[in-house]
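Enquirer: Take a look at the letters that make up each chain.
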Amino acid sequence: MNRTLGVCYYPEHWPEDRWETDAAQMVANGLTWVRIGEFAWSLMEPTPDAFDWGWLDRAIDVLGKAGLKIVLGTPTATPPRWMIDKHPDMLAVDANNQTRKFGSRRHYDFSHLGYREEAKRIARLMAERYGKNPYIAAWQIDNEYDCHDTTLSYSDAARTGFQDWLAQRYQSTDALNRAWGNVFWSMQYDTFDQIALPNLTVTEPNHPHVLAFRRYSSDQVVAFNKAQVDVIRPHTDAPLIHNYMGRITTFDHWKVGADLDIASWDSYPIGFLSDRIEGTAKEKQTYLRQGHPDNQAFHHDLYRAIGRGRMWVMEQQPGPVNWAPYNPAPLPGMARLWAWEAFAHGAETVCYFRWRQAPFAQEQMHAALLRPDAEPAPALAEAAKVAHELAQMPEVGTAQSPVALVFDYESAWAWDVQPQGADFDMFRLAFAAYRGLRRAGLNVDIIHPETADLSAYKLVLAPGLMTISDPFRAALAAFDGIALIGPRTDTKTTELAIPTSLGPDLPNADVSVIMSESLPPSDAIKLQNGGKFRHWFEHLSGTGDVYLSTKSGQPAIMGSGSLRYLAGWPDDDTFDQIIGNLCDTLDIPTFDLPKGLRIRDTETHRFVFNYAAKARKWGDVIIPAAGVHWEEI
Amino acid sequence: MNRTLGVCYYPEHWPEDRWETDAAQMVANGLTWVRIGEFAWSLMEPTPDAFDWGWLDRAIDVLGKAGLKIVLGTPTATPPRWMIDKHPDMLAVDANNQTRKFGSRRHYDFSHLGYREEAKRIARLMAERYGKNPYIAAWQIDNEYDCHDTTLSYSDAARTGFQDWLAQRYQSTDALNRAWGNVFWSMQYDTFDQIALPNLTVTEPNHPHVLAFRRYSSDQVVAFNKAQVDVIRPHTDAPLIHNYMGRITTFDHWKVGADLDIASWDSYPIGFLSDRIEGTAKEKQTYLRQGHPDNQAFHHDLYRAIGRGRMWVMEQQPGPVNWAPYNPAPLPGMARLWAWEAFAHGAETVCYFRWRQAPFAQEQMHAALLRPDAEPAPALAEAAKVAHELAQMPEVGTAQSPVALVFDYESAWAWDVQPQGADFDMFRLAFAAYRGLRRAGLNVDIIHPETADLSAYKLVLAPGLMTISDPFRAALAAFDGIALIGPRTDTKTTELAIPTSLGPDLPNADVSVIMSESLPPSDAIKLQNGGKFRHWFEHLSGTGDVYLSTKSGQPAIMGSGSLRYLAGWPDDDTFDQIIGNLCDTLDIPTFDLPKGLRIRDTETHRFVFNYAAKARKWGDVIIPAAGVHWEEI
Amino acid sequence: MNRTLGVCYYPEHWPEDRWETDAAQMVANGLTWVRIGEFAWSLMEPTPDAFDWGWLDRAIDVLGKAGLKIVLGTPTATPPRWMIDKHPDMLAVDANNQTRKFGSRRHYDFSHLGYREEAKRIARLMAERYGKNPYIAAWQIDNEYDCHDTTLSYSDAARTGFQDWLAQRYQSTDALNRAWGNVFWSMQYDTFDQIALPNLTVTEPNHPHVLAFRRYSSDQVVAFNKAQVDVIRPHTDAPLIHNYMGRITTFDHWKVGADLDIASWDSYPIGFLSDRIEGTAKEKQTYLRQGHPDNQAFHHDLYRAIGRGRMWVMEQQPGPVNWAPYNPAPLPGMARLWAWEAFAHGAETVCYFRWRQAPFAQEQMHAALLRPDAEPAPALAEAAKVAHELAQMPEVGTAQSPVALVFDYESAWAWDVQPQGADFDMFRLAFAAYRGLRRAGLNVDIIHPETADLSAYKLVLAPGLMTISDPFRAALAAFDGIALIGPRTDTKTTELAIPTSLGPDLPNADVSVIMSESLPPSDAIKLQNGGKFRHWFEHLSGTGDVYLSTKSGQPAIMGSGSLRYLAGWPDDDTFDQIIGNLCDTLDIPTFDLPKGLRIRDTETHRFVFNYAAKARKWGDVIIPAAGVHWEEI
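Residue numbers (full-length UniProt numbering), protein chains in the order written: chain A, 1 to 633; chain S, 1 to 633; chain L, 1 to 633.
With the rest of the complex left out, here is chain A (with noise of 0.2 angstroms):
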């Protein structure tokens, strides 16, 4: 199987000397990979405009020569101490007005255009170097863009080019005004340059005011990302890549995987589970050492369609890491489970991070395939057996999922700008709707909420979206699956207000949303069937279908023909029940799955990964904890 296993790798952390056996014994142990370069712009320059290539082409030649490909990293997300000194304004600044000072990583300001020349030059520089070097075979572009909450900066910088960026969009101030509603509280504007960013405003600023502060900050990672791959392009043919954190929603990931070839993600579950994902107290105490079980599916899914089909794993947490609130150790079995369920879901690549465990600094509690000692970590005999493993296995291709789910960055600012209840959450929700499709055990795709054709789907979700898109609209109007909108979904206009004529505008179908609810966690909205909504209701009215009622007869889904209208948020059950109704009309297999069990059909076989901590059966297999089961299908 022309799958591959790698890992991230720090020569300037170890001593030359050390270089050769290390990348032996990656070779070894079946690694094909290795990422290096990512955090080492003050070897490569120590001061300003005096490089020293030297470490890093020899590093190269010993990791290349030994048979390893290499993935080299740009150092953007960590400039010198000296680069300060240059632009003393580059930093970021919180929404407190406070200066994000240097000491850490990820000391810039996406606004900061001085800064974005100096990425531009050193990933320039780089891209001339080795850019037709044959050991390196992919590029990394800076490192987890936002990771520690970075894409929003409160700057001077940033507010001159938001005055920039408004002027471009609006043209007037009055067209602002207009756009904004400002006759509200009296908010109009006369010049661009009297507009401020909405932070630290006695009551909360004005929606799209917010909005339009998250589309410009988005539009900065776009640019500071297009800069290093306009300059590294002419160098080279090898894919260019960016590492994405998961759960992270401040910039339009679809936008900036658009200027890339590969979309990779970094993958603790673990760190995940106790930090990032929702999940009850029970859920994340029986995943705690394995991760919840769809939480990396989900993010397979969604980076393969950001990469346009070309998805990898950079970054695969190998035992406990040390910036979770708790970290404990993976159950034995699961780094080894973690890889092939990325490979199941199409992953090319997955490097585990890191060879060997840093003795030094903020990560020296972050596990590895080595120990510091340079004795094997449990890692590195699951990462050599999955490398036997590949080896043995024939392609097994990618299945066509029956069910698409639309996910939108816009939309999941906006309702982090108005959320109206307290637990609304755009990734929650679209996380909520495909975990109940994978517990049903459906493959599933994550679409773009511009898709234009849906021919290839029986099942499209879309769950939250801000406004339908009118290619989406003409692909909803020309579908012949079901497609279930809802809830909250075309429900704004793109300057989040509320539509003149209520929305949302479903082709071929009345339905208007009249009233919005959102719920307490101590409440919810009985359906006819012994379901319940939670956290967010709608109010419906139309002539459409009614196929689904609350218990006091208002309408729970409704709609005509393709279109359903679903008004509020389904608990767990309420969208297996849901989902498997759709599924049973539509003729798409479904599963009861045993606790823990998650499938994934490729072309060839059917994967069974057990999440649990306890063996459990799959037909007559019996699949240990945190076991791995294919056969052909």
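These are computed hints drawn from the structure, not numbers from a lab.
Heads up, some of the hints might be wrong.
As the list makes no split between identical chains, a pair holds if one copy fits it or if it spans any two.
[What the hints assert, rightly or not] For lysine-lysine, the following BS3-like pairs were computed, each having C-alpha atoms within a straight-line distance of at most 30 angstroms:
id	residue 1	residue 2
1	Lys282	Lys551
2	Lys526	Lys617
3	Lys458	Lys385
4	Lys526	Lys282
5	Lys255	Lys385
6	Lys614	Lys551
7	Lys284	Lys526
8	Lys385	Lys551
9	Lys101	Lys551
10	Lys595	Lys526
11	Lys282	Lys532
12	Lys86	Lys617
13	Lys69	Lys120
14	Lys120	Lys458
15	Lys614	Lys526
16	Lys69	Lys255
17	Lys617	Lys551
18	Lys86	Lys385
19	Lys532	Lys284
Fit chains S and L to the given chain A structure using the hints.
Expert: Chains S and L alone, transformed into the frame defined by chain A:
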């Protein structure tokens, strides 16, 4: 019945050709009043000293000619953006020294004398223009003082104003040092300009220092309001009103109210339940769609007193709001119940907020009488029903309450500054007492802390007063009902020190508080009658009679003749028992009300309100959920 | 028995004609000591260089002549307001870069050398004036270092001081960069003045950077204290004392203590239980009015060590305090129990805080021996009873403890900087071990991390030491009892890196920590003996003997000979079991103490303290709630 309904309207939000339709529909639904103008400064004066009154002239004309009476608001809560250029230092500063920026509302500092002049200027210009306009039947000054925590500011303007105020109050730093006990930690000042605002000190600042700042800050609100009163009064005979928010204690409403003719308040029962009113998780669940059954009544009674008998609800919640953590819809019927309850408590007018839901800006998710698409929202029919019922109802008058509850703003500041127990709060304590009175079915008057004559009452409660004023002490001495004083009443001097001979100083009753305890939620003081003190317990000494003891034999209620001192904070059941016993002694009839029922007597009728989500029996009458019943008495 | 009581007194708070009465009453109630002066700088030096010693001369005279011994405090915790004009930059700055303003106490920056000179000046002047005064029998320097989090400051003075300190410690930035592993994220520095304080970085700053700042900050406290010691010593033979607050770990008490003669501490058992000491909700409820039964003992034992055998309680809680979230009154008898417990643990003197409750300023709600009206508060009679009992008690001596517990401040900083699990805290871990020892009825010595001789002990516990010092390693090598090392002990270098060959480096025992896990509260590692590790678990390898295993077969206690490494954080029951087994092995008698009873042996007597709110049986003796029992041994 000569009580009226109204609505808040923003002609500037809608096309001018819509105004007549709106006005006609208001009248058709029985509305009498329309409030306009309070956020429209930017349209009145788009650039400094260049006015556009035309649109407002026409709006007044359209509304007036349709038969509506107009409340005209001064727009000083929303100065236009150009005002900040004119007075860059007019923005308030928060306790962390951050300037509170333009971009929402209430962006001004009460201490800024330049802005105070601007507010006077626009108020005077409006009064000159519209003071004799026959359609302008009332004035609203500014909007919701302190909303978004705007009473306190830590600006330079506040600091210098505070220093002047201190110099006037204390005349010398020696006097101030003595009054504050600054000898305590070498905190003496030599000059008034050495005295900073009491934020960001190493540990808590001296309590009288903070209390002085709270008094100063309240005085600025009073002065800001009076500045507008003084320029409007000469031009109009219409009553002057402010619309207070509920549960705000940062400024002395008695003093603001003394300069106005009517006290109105903004009643958002469901938003308040979620956000601002104590209550058990169970109560919050039970009354999720109704609001706490005593919260509206409390504020009606409070503002009826602040308005010296004249009280309105200027903004009445009609459906889900946008600003609480969770925003469910009211139970059908509540928009009617809330209005009737206001009338029963003496409201002259109830105005729903607002006529039509704005599709844009910060409050776009706030429901109204009309939906954004101009179709009727559920509350419209309920309002029309109330209007119809009002027309058929005879006058009901106002009955004399047998019970009075003293409420004092300075005491609220004192216990904010010196809670001594983390959950001690003046409003909370007063509201706990009030709830007990209301559960017993009693009409309650809330009275001023300097009330000099109690002869109209049989029972007076005075919990949590920092001091007993001289007039009130004289009134107590002459009182022949029963006054239940305490806990924590008159245990301080006016400078927030402990009186030399301890407190309280009660006429004809020898009771002293010799030690105070605050109790965590897990603890309580058990009483001999099976009840409990929570939060607070005072050890009493003296020669007074003991009316109730703790289980361990300490006095729980002690006093002589008409005065009884309550040594702790009773829980709900204990308040019920204590109030029941006092009412028995005083021959005040009480009721054992079914859960969720509340009654209010007028001169001629008894009104019964069902806050429960189920029907309840009242004698032989079945009152449906959210129902209102009245009967002659 | 030659142990004494005392009290804190503020003559400057009361009329001069009251002093004699107060002094006489102190003596009449059996008090020996009176502490004065520590907050009175503004009265000693009302304006710069203009002194008023007269009042203090007279106060000393009155108190001394009444027969009291005086502890005179230097007033450097409360510089007068004029000092801020003289040194505007002497105020500390918090981690958010906010200046911590004048208006309470401890408003100075330990790094500010100008203020340090001022502190020396006033201390020298006092020493010159009162050093030979026969009534001055001890000196207190400053008051409660670090109270209100005042050790750390992010001021310019701190930054430049830190840079100098770094330059001295590391000599070159190359050395610093290597020591800190700054290569990790391109964090290398070229000059020392590039190194900022480690606050407000984008994500966490480099751990050794923060540890260095913690070391620097502690050194400033040591230097500030020593500056006063150096100017007072030449003028007096009286002992020099500081009154430490409990549970403060931000500076190295061993180092401050080395410059002083006696370590005293301020014991507020009930305030601490509420605010600063871990405990289950049940414990907090059980001991609400008593304080945690092991907290006072721990601090007595700690400060007895810090004072090299000489320990006082300088402030003893007498009733409700003002500063905890909730402030209930002590159970009757506790003011006596706490004093006797202190004496049993070796205290020479116990001073109640304070003589008379101040009716004004921040601590007006803090109880005292007298009420504000000068009547006796409940604690006065308890103090008098203790004085009476002391007079009748023979000398009891100090027994040799069989058990020692190592406590290290640098380790506390290390785990603050790098907790790895959200609830990992050095004090918490050490206190958990201590509690287990005390529940077994053992006398415990707390010892210095560089203790070179352990021959006095049978059992030594060393949990959570960042490193094992060379002297302590040598002592361990020679030890013939049992040393229980770990968890997390010696797993780092002194620069907070992982040792090249992993840790710990134990003499004669081959044990290595190869992986560390932190556990959320919902998880635990089950042990073969039925016990559990919580919070923390380390995977061990090596050839040592396994004394206890986890249920899944990993080593839980491993070692050789006298050294045993503990691989996790035992819960209370497991600590009981482990300690019980070790004591059995070592023939140390233990006790199965009824709930709430604690014992402490002196040379001649066993003292039994009943912290329970009910009577408890000790053999045939019934000890009432809050009772103390002693018997000869």
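Enquirer: For each hint given before, does the structure comply? Return the numbers of the non-compliant ones in rising order.
Expert: 3, 5, 9, 12, 14, 18
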